[in-house]
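Asks: Sequence:
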Amino acid sequence: MPLKIFCRLLGLVLCSNVLIVYFASHSIRTVVVTTLACSLLLQLVYFASVLFLIWRSGCVNRAGQRAAHFDSCKEVGSEPPDLDEVTNESADLLQRDQMLAISLLLP
1 MPLKIFCRLL GLVLCSNVLI VYFASHSIRT VVVTTLACSL LLQLVYFASV LFLIWRSGCV
61 NRAGQRAAHF DSCKEVGSEP PDLDEVTNES ADLLQRDQML AISLLLP
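Numbered according to this note's numbering, the sequence shown spans residues 1 to 107.
Hint data in this document are derived by calculation from the structure and do not stem from the laboratory.
Quick caveat: nothing in here was measured; it's all calculated off a predicted structure.
Where hints are given, some of them may not hold.
[Claimed, not checked] Just the calculated beta-carbon pair ranges, DEER-fashion:
1. C7 / A48: 17 to 25 Å
2. N61 / T30: 41 to 49 Å
3. I28 / R62: 46 to 54 Å
4. I28 / R8: 46 to 54 Å
5. I28 / R96: 26 to 34 Å
6. L9 / R62: 12 to 20 Å
7. V50 / V13: 39 to 47 Å
8. H26 / R96: 49 to 57 Å
Where a beta carbon is used, it is the ideal one built from N, C-alpha and C, also for glycine.
Between the sequences and the hints, there should be enough to build the whole structure, so can you do that?
Replies: Here it is as structure tokens:
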């Protein structure tokens, strides 16, 4: 979703929250508190969705690697690679996933 549309939707949600709470309570203090709570809730949901997307992409990558590894072992008829090779590949994947997570959180 483009940033322009995201900002418009965010503004629409917060403005509708302000209007609904003001007409229901006629209290500016309640409006400010609930609007801040609503914006905090939206930020938490956004952060959780980013974490979910990172987790899901990691699961898909691991499943694809397992399938590729199984196919290569089956074709060659060899044993799986040494533990050191697997550990190095896992460390590289972990570092790449962390960099992806950081890049998704940056504006």
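Asks: Please name the hints from earlier in the document that this structure breaks, with their numbers sorted from lowest to highest.
Replies: Hints 4, 5, 6, 7 not satisfied by this model.
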